[in-house]
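Since chain F is already given, all that's left is putting chain X on it; use the hints.
Chains F and X are the protein sequences, given in the same order. When we follow my numbering, the leftmost residue of the first sequence carries the number 6, and every step to the right adds one. When we follow my numbering, the leftmost residue of the second sequence carries the number -13, and every step to the right adds one.
What the hints contain is simulated information worked out from the structure, not anything from laboratory work. Warning: the hint list may mix true and false statements.
[To be verified] In the BS3-like style, the derived pairs of lysine-lysine whose C-alpha atoms are separated by at most 30 Å in a straight line are: (1) K280(X) with K447(F); (2) K280(X) with K148(F); (3) K97(F) with K134(F); (4) K280(X) with K319(F).
Everything numeric in this text was worked out from a predicted model, so none of it was measured.
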Amino acid sequence: MMRWICLLMFVLSFHGVVIAQQKPATEGVIHPQEIESYRMIERLPVLDNGRIKPLDTYARSTLLQFSGRQSYNRKPAIVWLVRLLFAPDETKSSKIFLINHPSIARSLGIASEPHRRYSFQQLEPALDKFSELAHSANEVPEKERDVVEAELIRVFNNVRMYIDLSHVFQFAFPAKDFVITDPALKSQLGLAPEQEKFSFLEIALSADQLKTFMEAIQRKDQSQWSTQERTVIDLVSNLFQWSGVYQNLPLNIVPDPGQAGVWRSPWDAIRQDFQKDQTRSKMKALGKMIESYWDGDQITFDLNTKLFLEETKKNSGMNAEKLMKHLDLELTYNKGDFFLYAKILYLVAFILFLLSLAVEKSWMYPAAFGCIALGLFPHVIAIALRVIILERPPVSSLYETFIFVSFVIVVIGVLIEVATRRWLGIVTASVGGFIVLMIAAKYSAEGDTLKMLIAVLNSNFWLSTHVISITAGYGSACAAGILGHVYLLQVVCNKGKEVLQSTYRTLLGVLGLGLTLTFLGTNLGGIWADQSWGRFWGWDPKENGALMIVLWIAMLFHAKIALWIKETGMAVGAVLGTIVVVWAWFGVNLLSIGLHSYGFTSGVATGTAVYVSFELIFLLTVLILINRKKSGAKFIKPYA
Amino acid sequence: MKVIQQIVKHPWVKTLASVKITVVCLFLLFILTFWGTVAQVEQGLYAAQERFFASLIFLAKGFIPFPGAQLVLWVLAVNLLCVTMTRFVHYFKVRYAGILIIHFGLLLYLLSAFVIFHVAVESNIHLKEKAGTNVSSSYMLWELASWQQGAPDRRTVHAYDVSASTVGRHLKYSHGNFTVTTQQFYPNAQAYSASSDHQSKSAPLNASGIALLQPKEAVLEREKNIAGGLFEVHVPDGSTVSLLLYGADTRPTPVKIKGKNYYFILQHKKYPLPLTLQLLDFRAQFHPGTETAKSYESTVKITHDGASREVVISMNNPLTYKDYTFFQASYALDAFGNEYSTFAVVKNAGRFLPYVSSLMTFLGLGIHFLMAAFGVRNKKDKRT
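Next comes chain F alone, as it looks inside the complex (with noise of 0.2 Å):
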């Protein structure tokens, strides 16, 4: 973090500079014609993460970053973001930052939006009171540091990849730094002769002309400089010195033809290997593309985009026909939307059993049961995907259980509804799959989503088989939560005999699949402990939590066989057991300790708190209505 920081300070200290340098490719009112389609270059592969991805997935997962959205003004965010390296001006006034507490744009003295999302034309003549204030924060222990200090690096961190992702092509648009007005010079270095403002790229691709110049003026007296030689100068220390201020920039989009899975930010490779043809060649093509964009020029865009493409397949060291599947395969993923389908279906599946308690129809039933059935779909489509995409078992990130925990709970949901035919299963598949997956949707607010494991999580047949197993018992025994609710208000809507007794049989039933579950994967977690680390149980607090759900669930079914509880307390001892397991699944990580501290985010805490009083209210009212018929019916009774 300091680093960044400081890196930000001087690069901040160049800001002048460069803000002035950018001014010439959009000075006046001249603005780019942009492209129509951006299919070619959202393939373009970014090595970013530890992880080659397309720059689609990279321009969303950076404007998700910034603004909590995947899109901009209703377009996608790779066109924000290609606006943004191409034609960096004409961004400064998107309200893309989102700064989720209101007293930071006042301290900074800016009038509060509200949407809460400010441009960075809003944020820039208060940059150096953000950076002392983001500084002072960041003095602050990570773990003592409160919500505004948290938020205060957050949204610092985003304007200062703002201002380098706006930096990567400075190469490319002419600037003051490079003007030449002599008619000789510019035919001697092979430059236009009708152009006077040239990019760095130009001047730097005919160095070796320079070079030449360079000699000859060493061996004069600096008295005996022309002016023509002075230019000569002026340009080769602007050169040295642009070079030297643009390094470490984000977007790693050039793999180094020596090393294989080193990729450079543009500015790296000019650095580093600016002698080779291929990078003369592949800046040549960014700079085409460049130009293209601003003539919106489609053709020539996607021909130096395919350009590239192909020099960087030529380097990329991987199997290229393999990559670009890859990449293809997740850009099917990120505008597929699949789970979106997913939740929607789910959620028509649910409202069509609202309706049908209203009014019943024929119809409504298999088009309920139609729509778990078609959501199961794109959900699975989308888990496919994500396994082939990073090559490992389905479970491995915090958001991976959200989204295998619903797959879970739907499918219990449809083999309940085959078995049992009473709705049951088709509110327990839309109820659990719907509101998982919006917790999904929610937690992948983080950025990208497909991430890369630490070493002791990479993939092992103990692990996958671990995780799945758990995450499956999460899910059973979340289904067996929602059965525990619709028995329980069955039971507060007098529903029949018959009825309830299924929905219990069906509950025992998935209670013990839950429990089952849980103690494979609780297990299996301690084969692998035992296999990575030499010990089958640590106490970990995720294994507690583990070992909780199985005590807890194996606790319920003894109190019954010893009568101390019965239906009603099975029920609300499943509806309990949701707690525990939101305990086990995330309520860990909030102690932030552990082998499993993964996937910590600050909205857990609150949103925990939130389901768990609710519960509480739930299952008092419940009670209370219970406990009342009951009284009500022995009252009555005597003059039935």
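Relative to the frame of chain F, chain X by itself:
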């Protein structure tokens, strides 16, 4: 058989077989697990483990006695044993086959917990590239080791475990016919050296010039504590020598006894290994463009019974030899760019037990669950 009949009918056994005991025990374990998890934030894993899980009883809030997980598990084991004898064996029905297997599995589970709790020993080896060893070190226990100056390539070390509880006890070292007493022992300490002109002759000896040890509050990660202590060597002729030893001090302190040089050092307790392990090469791989490790692996040469071979130990791929398992745990780089690899060493004779018991319990659960599921369907079919 008659004996079993008698046992089964014994009123005590009947009482102990009550399912109510099971419910209470499961609930207590549930509470303890939760409590022991949350307490880790404040007390650290080790202390919480000792207090809530390894203990028979502990005091909540300093005065309310509360059963520890060990006691609850003992009660549960007795309860389970009685239930198994009275209910399951006595009234066996095919319908209960799954339940029976589950509970036998759980009995075995508790047995494996007991065995592992008492026999498993965890230690570690921290090796520089090209270096080798035939001992591993404890994470938390300390020993006072001593040896006589002799051949440079071979030394026989005599050591006693030392801790706050050995203060005042006489430890007899047979190789030099002297005894050592622990005068003071700090589980975690900070060492200070005195400038040479302030050093007095009566100050306790230390080879690195440590003149003062100050106790510090023990940290939650117990392996990070560095112990220190004041020891007194009693020679048969009646004279005594004081030693100030510190756990992080790698230079042994020499003491001349009867014209011979003996060395003393306070170090993490050493466990002899059945093999010699030499680190040949350590490699770390990272995800491209990041500092996130993709894999660590060490190539080691192991020598046992005169034969040697090369083995690669990596994350999730440990080396198993007899009751010992060696895991790739960590690595380090020093200022000179030397690579170090750390292996966790576990000696566990009961390692296979949880595998068997968990498999058995899971099979029981599966059988019972499937029987119940299909049983329900059959009943329904019959009804319709």
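Violating hint indices (sorted, rising): Violated hints: none at all, because every hint is consistent with the structure.
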